[in-house]
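The numbering used here applies: residue 1 is where the sequence shown begins, and numbers increase by one.
To be clear, the hints were calculated from the coordinates, so they are not data collected in a lab.
Mixed in with the good hints there might be a few duds.
[Claimed, not checked] The calculated DMTMM-like cross-link candidates involving lysine to aspartate or glutamate, where the alpha carbons are at most 25 Å apart (straight line), are:
#, residue 1, residue 2
1, K86, E66
2, K92, E69
3, K92, D78
4, K72, E87
5, K83, E69
6, K68, E79
[Claimed, not checked] Each pair of labels, with its calculated beta carbon distance range:
#, residue 1, residue 2, range
7, E79, G39, 51 to 59 Å
8, F25, G55, 53 to 61 Å
9, A63, D91, 44 to 52 Å
10, A63, M94, 17 to 25 Å
11, L37, M93, 45 to 53 Å
12, L50, D78, 35 to 43 Å
13, K92, F33, 54 to 62 Å
14, L50, Q81, 34 to 42 Å
15, F38, V88, 28 to 36 Å
From a predicted model like this one, the values you see are computed outputs, not experimental measurements.
Backbone N, C-alpha and C define an ideal beta-carbon position, used for all residues, glycine too.
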Amino acid sequence: MEQGPTNPNEPKNEEKQEVTPRKGFIKMKIFPFVMLLFGCVFATALVTALVMSVGGDKHVKVAIPERKEFTKLYDVYDEIQNKYFKEVNTDKMMEGAINGW
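Can you make the complete structure from the sequences, with help from the hints?
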């Protein structure tokens with residue numbers, strides 16, 4: 001006489017199939033995967049911060065070359081932008097400065 005499984009949800013011996021992982025895949029639970037992902041992001045941020053703090057002046061500086069001839073023009077432009085009582089149309093202002101209006 002054949003005895004069935006003790007758990008009714010468990011399949012019989014004949015129905016059990018051996019699960020073999022496919023080649024090229026790693027089977028991993030979700031929590032260790034998330035922690036591994038978090039650890040990689042944290043390590044990347046740490047390395048980036050370390051390199052930026054120790055690296056010195058090796059990063060690229062983007063700047064407009066300063067010309068002494070235009071210093072007065074820049075000062076007037078900033079004064080108008082900051083202290084004029086209405087909003088300034090910068091395109092119209094620049095065209096007027098170029099054309100001499």
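Outcome of the hint check:
1. K86 to E66: The hint is violated at about 29 Å.
2. K92 to E69: Holds, at about 22 Å.
3. K92 to D78: holds, 15 Å
4. K72 to E87: Status holds; Cα separation ~21 Å.
5. K83 to E69: holds, 23 Å
6. K68 to E79: holds, 18 Å
7. E79 to G39: 51 to 59 Å: Given about 53 Å between the Cβ atoms, the range holds.
8. F25 to G55: 53 to 61 Å: Violated - the Cβ-Cβ distance for F25 and G55, about 39 Å, lies outside 53 to 61 Å.
9. A63 to D91: 44 to 52 Å: At 24 Å between Cβs, range violated.
10. A63 to M94: 17 to 25 Å: holds, 21 Å
11. L37 to M93: 45 to 53 Å: holds, 52 Å
12. L50 to D78: 35 to 43 Å: holds, 38 Å
13. K92 to F33: 54 to 62 Å: Since the Cβ atoms of K92 and F33 sit about 58 Å apart, the hinted range of 54 to 62 Å holds.
14. L50 to Q81: 34 to 42 Å: For Q81 against L50, whose Cβ atoms are near 40 Å apart, the range 34 to 42 Å holds.
15. F38 to V88: 28 to 36 Å: At 49 Å between Cβs, range violated.
Violation of the numbered hints given earlier is confined to hints 1, 8, 9 and 15; the remaining hints are satisfied by the structure.
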